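**Student:** Letter by letter, the chains look like this.
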Amino acid sequence: MGPVTQANSFYRNLYGWFDSWLPDSLDWLAYLLAALVVVFAVANLVLVITILFTWVERRLLGRFQARLGPNRWGPWGVLQPIADAIKLLSKEDIRPEGVDRWVFNIAPVLLFVPAVLVFAVIPLGKNTYVANLNIGILFIIAVSAVSTLAIFMAGWASGNRYSLFGAARGVAQLISYEVPMVLSVVGVILLAGSLSLVDLVEAQDIPFLLLQPLGFIIFFLASSAEMNRTPFDLVEAESEIVAGYLTEYSGMKFGLFQLAEFAAPFGASAIMATLFLKGWEGPVLPSHLWFFLKVCLLWFLFLWLRATLPRLRVDQIMGFAWKLLFPLGVLNIFVTAAEVLAWPDPSTAQLWTMAGINWGVAIGSLVVASRLAGNKLTSRPPLAPMHGKGGRPLGERG
Amino acid sequence: MLEDYFRQYGLIAVFIAVAVALPTSLLLLSWALSLARIRPHKPNPVKSSPYECGMEIIGSRWVRFNFRYYTFALLFVVFDVETVFLYPWAVYFKQLGLFALIEMLVFVLILMVAWAYAWRNKALEWR
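Residue numbers (the working numbering), protein chains in the order written: chain V, 6 to 403; chain F, 4 to 130.
Only chain V is shown next, with the shape it has when bound in the complex:
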């Protein structure tokens, strides 16, 4: 075993145990068994926490909207997710005529895979991860981009107009927010000088939230859009296109889409806790608990955003990504690069100066950008007069 594998206590102990009673010629089997046990444990842990959080999310959304939320099954409704699972499993699986059968069936699986797979490289505690890739954050970005493909497959294969509209909107939105999200991470990499998530956590003398406020805000908003949650949920806008790419799905396939959609904020919170909040590190409490607490905090922020804001229009969403988040992301990279150049090995005082400058830049640039852009960011021709042909303003031909 090499040094990287050696550091992973989670996996090393299991491998040692399997290796102790298997013959020497079966080393590969010990490796495979240990890997399977670790991976199975992590994947199921992610699912169980996600399922619990569907209940938490629905209860809290109920509170936000001055109603009760699910409260019938078990104490305070804790068993609601189990009831949901049983219901979804026993529902009729309707396959409408004209669907592309294979693509229609593969799409829910393909959306589910990246939602779980990001946890392969996220450290869940000290020395607790499945793999410590030296390209960790790049792996996460590459894997989570697959969900775009899954959404388009689902919309295209359904053979339904609303599905196709939802999928086309979804792809346009996901690729637009991909760019600022990827740019916002560069600031963190500049400070740490590594792509491995374990190195990124260990490089944080003070949490990168203090050093990268602009990066944090961009990443938070962009990943919220990547998950199609409410302020950005055009993909499945019920009042316009029924349920978007989900329209023709029912039964367990619908359940898989929902599960993937609920697992996505968990993944995004875990990535943000690692990149910006020092991951597992913290005083007194065990490292796993610290990580979980940080994830819960960020998860609540996502939920808060969802419960508070109404849905945006298409032109507002696209304008927000390309005209505001993208230039701010580029600005953040060069401000950080200049600071790293000035202080390659910063002392504590220099770190705090850096934090002060970056907060100034973040607040200043946000104020200036929103003043400059203001309503012009999403300007639209005035509404058509009622007598205009086909609802279009007279004399206006786009």
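In case anyone wonders, no lab produced these hints; they're calculated from the structure.
These figures come from a predicted structure and were not determined experimentally.
Every residue, glycine too, gets a C-beta built ideally from N, C-alpha and C.
Do not take every clue at face value.
[What the hints assert, rightly or not] Example chain V residues on the side facing chain F (calculated, C-beta under 10 Å, incomplete):
1) 81
2) 83
3) 84
4) 87
5) 252
6) 338
7) 349
Keeping the supplied structure of chain V fixed, place chain F upon it in accordance with the hints.
**Tutor:** Chain F in isolation, oriented as in the chain V frame:
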């Protein structure tokens, strides 16, 4: 060192296998329930027609979509390739120093000119 490298990717491969197996097994379980006649399966022509708010479908199921989507796809390709260059640059920035900063500034400025051009030509508007 090399062995270590492959061990990490082996774990990722196992993770991908498990991540595919979990949802597939759920779908298979649901299918097994239909074999045991717990899950109903009663298709009829109305139920299996594509959903369109209860109306009968008019015209083709396949519709043309807005040309706007292509301009956004083009912009995405340009600026996502930019990030491909930014990542290795960011990792080795401390070793490379001032030269790398100016070099990247020139590269990104050229791209920002393209971005401003796209904005001026209303490629970023959605109508």
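**Student:** Which constraints among the numbered hints does this structure fail? Numbers only, ascending.
**Tutor:** Failing hints, ascending: 1, 2, 3 and 4.
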